[in-house]
Amino acid sequence: MKFKLTAIATAVGILTMGSALAAEVDLEKLQADVDKLNAKAVEWEEWKAPKTLVHLAGYADVGYTDKQGEPGSFKVGTFSPIFHYQFSDIVMMEAELEFTIDETGKSEAGIDYFTVDYFISDYVALIGGKFLSPIGQFRQNLHPSWINRMASAPVGFGHDQAAPNAEIGLMFRGGFPVGGRNTMSYAAYIGNGPTFEADGGEIEGIETPGLNRDGDGGKVGGGRLGFYIPGIKLDLGASYATGKASVRTIDNTGAISYDKGRDYTVYGADLTWRISTFRLLGEYVSQEYGAQASSAAPDSGKWTAWYAQASYQFAPSKWEAVLRYGEYDTPHDGQDRNQSAVGVNYLFASNVVAKLDYEFNENPNPGFDAENRVLVQFAYGF
Amino acid sequence: MNTQWLKISGSVLSALLITAGLLATGTGVAAEADSKKGDFTRGVQAWADNCTRCHDVRDPKELRDDQWITTVYHMRIRAGLTGQQTRDIITFMQGSN
Chain Y
1 MKFKLTAIAT AVGILTMGSA LAAEVDLEKL QADVDKLNAK AVEWEEWKAP
51 KTLVHLAGYA DVGYTDKQGE PGSFKVGTFS PIFHYQFSDI VMMEAELEFT
101 IDETGKSEAG IDYFTVDYFI SDYVALIGGK FLSPIGQFRQ NLHPSWINRM
151 ASAPVGFGHD QAAPNAEIGL MFRGGFPVGG RNTMSYAAYI GNGPTFEADG
201 GEIEGIETPG LNRDGDGGKV GGGRLGFYIP GIKLDLGASY ATGKASVRTI
251 DNTGAISYDK GRDYTVYGAD LTWRISTFRL LGEYVSQEYG AQASSAAPDS
301 GKWTAWYAQA SYQFAPSKWE AVLRYGEYDT PHDGQDRNQS AVGVNYLFAS
351 NVVAKLDYEF NENPNPGFDA ENRVLVQFAY GF
Chain D
1 MNTQWLKISG SVLSALLITA GLLATGTGVA AEADSKKGDF TRGVQAWADN
51 CTRCHDVRDP KELRDDQWIT TVYHMRIRAG LTGQQTRDII TFMQGSN
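Line by line, the protein sequences give chains Y and D. Take 1 as the starting number for the first sequence in our numbering and just add one per residue. Take 1 as the starting number for the second sequence in our numbering and just add one per residue.
Hints are computed from structural coordinates only; laboratory data are not their basis. Note that CB positions come from ideal geometry on N, CA and C, so glycine has one too. It cannot be assumed that every hint is accurate.
Claimed, not checked - Sample of chain Y residues with no beta-carbon within 12 Å of chain D, all distances over it, derived: (1) Glu94; (2) Glu108; (3) Asp369; (4) Val374.
Stated by the list, open to error - Below 30 Å or equal to it, Euclidean Cα-Cα: the simulated DSS-like pairs (lysine-lysine) are: (5) Y:Lys51 - D:Lys36; (6) Y:Lys51 - D:Lys61; (7) Y:Lys318 - Y:Lys67; (8) D:Lys37 - D:Lys61; (9) Y:Lys67 - Y:Lys106; (10) Y:Lys302 - Y:Lys318; (11) D:Lys61 - Y:Lys36; (12) D:Lys61 - Y:Lys318; (13) D:Lys37 - Y:Lys36; (14) Y:Lys40 - D:Lys61; (15) Y:Lys51 - D:Lys37; (16) Y:Lys233 - Y:Lys318; (17) Y:Lys233 - Y:Lys260; (18) Y:Lys233 - D:Lys61; (19) Y:Lys260 - D:Lys61; (20) Y:Lys40 - D:Lys37; (21) Y:Lys51 - Y:Lys36; (22) Y:Lys67 - Y:Lys302; (23) D:Lys36 - Y:Lys29; (24) Y:Lys51 - Y:Lys40; (25) D:Lys36 - D:Lys61; (26) Y:Lys106 - Y:Lys75; (27) Y:Lys233 - D:Lys37; (28) Y:Lys75 - Y:Lys260.
Work the whole structure out from these sequences, hints included.
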C-alpha cells in the first residue's frame with residue numbers, strides 16, 4: 001500500500017513539473033508572437049505617416065479615330081505619369097510628364113507641369129516652376145482623359161488655342177471657408193507669359209506651353225477666384241490675367257528674336273454643377289492682344305471659346321451618356337469651329353472608362369469645311 | 001523697362017502682396033489649425049463634398065495609407081482645399097482602408 005501511494009505521488013509530481021515546463025514554453029512562444037506583432041504594428045504605423053513620401057500616379061489612353069475623308073486609325077493618345085515627392089506636410093514636388101507618338105511613329109516627351117509646392121499655412125501654398133494655367137477649369141482640372149467625359153477636348157480648349165495651357169512663374173494658391181461648408185478658392189500668379197506665332201504678317205496662334213524665357217521682358221499676372229457650395233455641388237469661377245507678350249521670330253540661321261512687348265489679356269468664367277450622377281460643365285475663355293505698328297504682325301486679335309457639357313450615368317448601371325456643344329472663334333476664318341458631340345461611356349471603375357463619341361464639326365464661315373469624327377477611347381487614371 | 005510694365009508688375013505685385021499679407025495675418029489662425037489632427041467624421045464630409053467636383057470618388061482601398069497622403073496633398077493644390085480639410089480627408093481615407 002505504501003509502495004502504491006509513493007508511486008502515485010511520484011507520478012503526480014512528474015506530471016506537475018511537466019505542465020509547468022509546458023506552460024513556460026507556451027509563454028515564451030506567446031511572447032515571441034507578441035513581439036513580432038508589435039514590430040509589424042510599428043511598421044504599419046510608419047506606412048501611415050512617413051516623413052518622406054514617393055508616389056507615382058498619372059493617366060493614359062488609347063483609342064481609334066475615324067475622321068471624314070481620312071482612313072480610320074488606331075491611336076495612342078497619351079501616357080502621362082505624375083511623380084509626387086513630399087517631405088512631411090511642408091513641401092511637395094510634382095511633375096507630370098507627357099509621352100505621345102506622332103503620325104510617323106516618332107515618340108515625343110514633354111513636361112506638362114513641374115512645380116515645387118511650399119505649404120505656408122492651412123490657407124496658402126506657394127508654387128514655383130511650370131504649372132498648369134489657373135485660368136478656367138478645363139485645362140487645369142478636367143483635361144486628363146480619365147476625368148474628361150469625352151474623348152477629345154472641347155473646341156478651343158486644346159493646346160495653343162483659346163485657353164492658356166501652362167505658365168512658368170510663381171503662384172499663391174489655396175482655399176478658405178466662407179460660412180458653413182462653403183469655400184472660396186484662389187490662385188494668383190505672375191509668369192513669363194505667352195508668345196505669338198506669326199506667319200505672313202499675321203499672328204497664327206497664341207502659344208502658351210510655359211515658356212522658359214521671357215523674350216520681351218514683360219510679365220503676365222492674374223489668377224482665378226472660385227466659390228464652391230457643397231450643399232448643391234455648385235462651383236463657380238472667374239479668371240483674369242494681363243501683361244505683356246510678343247511675337248517670336250526665328251530667322252534662317254535659327255536665331256530667335258522677339259518684338260517689343262504688346263498688351264495681352266485673358267479672362268474667363270467657369271461652372272461645374274452636379275446632382276447625383278448628373279453633371280453640367282460650362283466654360284468661357286478669351287485671349288486677346290493689342291496692335292503694334294512696328295511688329296512683324298501688327299494687327300490686334302482675339303481668340304475666344306466656350307462649351308457646355310451635360311453627362312448622366314444611368315446608375316446603378318455603369319453606362320453614361322454625354323452631350324457637348326462648343327464654339328471656337330479666331331481671327332482666322334479657317335480655324336473657327338462649331339461643334340456638337342454626343343457620346344456614350346462605360347465606367348469600369350471611377351478611374352477606368354471606355355468612350356464612344358461622334359463629333360459634328362462645322363466651320364461657320366462661308367467657303368470653309370470641317371470634318372466630322374468618330375472617336376473611341378479607353379482611359380485609365382492610376 | 002517701360003512705365004506700362006511698371007504699372008502692370010506693380011498691380012500684380014500689389015495683388016500678390018495683399019494676398020500674402022492676408023494670408024500672413026491668417027497664419028496665426030493657421031498655426032492653431034496646424035496643430036489640429038485630422039478628424040474621421042469631418043473627413044467623410046469633406047470627401048463627399050469635394051472629391052466629386054471634377055471626378056467620381058475613389059475607393060479608399062485603391063491606395064496604400066502613405067499613397068493617400070501624397071494624393072490628397074496633390075488634390076489640396078488642384079481643388080483649393082484647406083490644410084484642415086486635407087488632414088481630415090487623409091484620416092478618413094486611411095481609416096477606411
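Evaluated hints:
1. Glu94: Not fine: 6 Å to the nearest Cβ puts Glu94 (chain Y) too close to chain D.
2. Glu108: Label holds. Min Cβ-Cβ 25 Å, cutoff 12 Å.
3. Asp369: Nearest chain D Cβ is 35 Å from Asp369 (chain Y), so the label holds.
4. Val374: 25 Å, holds
5. Y:Lys51 - D:Lys36: With Cα atoms ~18 Å apart, Lys51 (chain Y) and Lys36 (chain D) stay inside 30 Å; holds.
6. Y:Lys51 - D:Lys61: At roughly 22 Å apart (the allowed maximum being 30 Å), Lys61 (chain D) and Lys51 (chain Y) satisfy the hint.
7. Y:Lys318 - Y:Lys67: Within the cut-off at roughly 28 Å; holds.
8. D:Lys37 - D:Lys61: 22 Å, holds
9. Y:Lys67 - Y:Lys106: Given that 30 Å is the threshold and the Cα spacing comes to 21 Å, the pair holds.
10. Y:Lys302 - Y:Lys318: At roughly 41 Å apart (the allowed maximum being 30 Å), Lys318 (chain Y) and Lys302 (chain Y) break the hint.
11. D:Lys61 - Y:Lys36: 25 Å, holds
12. D:Lys61 - Y:Lys318: 20 Å, holds
13. D:Lys37 - Y:Lys36: 29 Å, holds
14. Y:Lys40 - D:Lys61: 20 Å, holds
15. Y:Lys51 - D:Lys37: Roughly 16 Å between the alpha carbons, so the hint for Lys51 (chain Y) and Lys37 (chain D) holds.
16. Y:Lys233 - Y:Lys318: 22 Å, holds
17. Y:Lys233 - Y:Lys260: Outside the cut-off at roughly 45 Å; violated.
18. Y:Lys233 - D:Lys61: Holds, at about 25 Å.
19. Y:Lys260 - D:Lys61: Roughly 55 Å between the alpha carbons, so the hint for Lys260 (chain Y) and Lys61 (chain D) is violated.
20. Y:Lys40 - D:Lys37: Judged against 30 Å, a Cα distance of about 24 Å means the pair holds.
21. Y:Lys51 - Y:Lys36: 24 Å, holds
22. Y:Lys67 - Y:Lys302: 28 Å, holds
23. D:Lys36 - Y:Lys29: Answer violated: Lys36 (chain D) to Lys29 (chain Y) is near 41 Å, above 30 Å.
24. Y:Lys51 - Y:Lys40: 18 Å, holds
25. D:Lys36 - D:Lys61: Judged against 30 Å, a Cα distance of about 25 Å means the pair holds.
26. Y:Lys106 - Y:Lys75: It holds: about 13 Å lies between the C-alpha atoms, which stays within 30 Å.
27. Y:Lys233 - D:Lys37: Since the Cα atoms of Lys233 (chain Y) and Lys37 (chain D) sit roughly 26 Å apart, the hinted pair holds (cutoff 30 Å).
28. Y:Lys75 - Y:Lys260: 41 Å, violated
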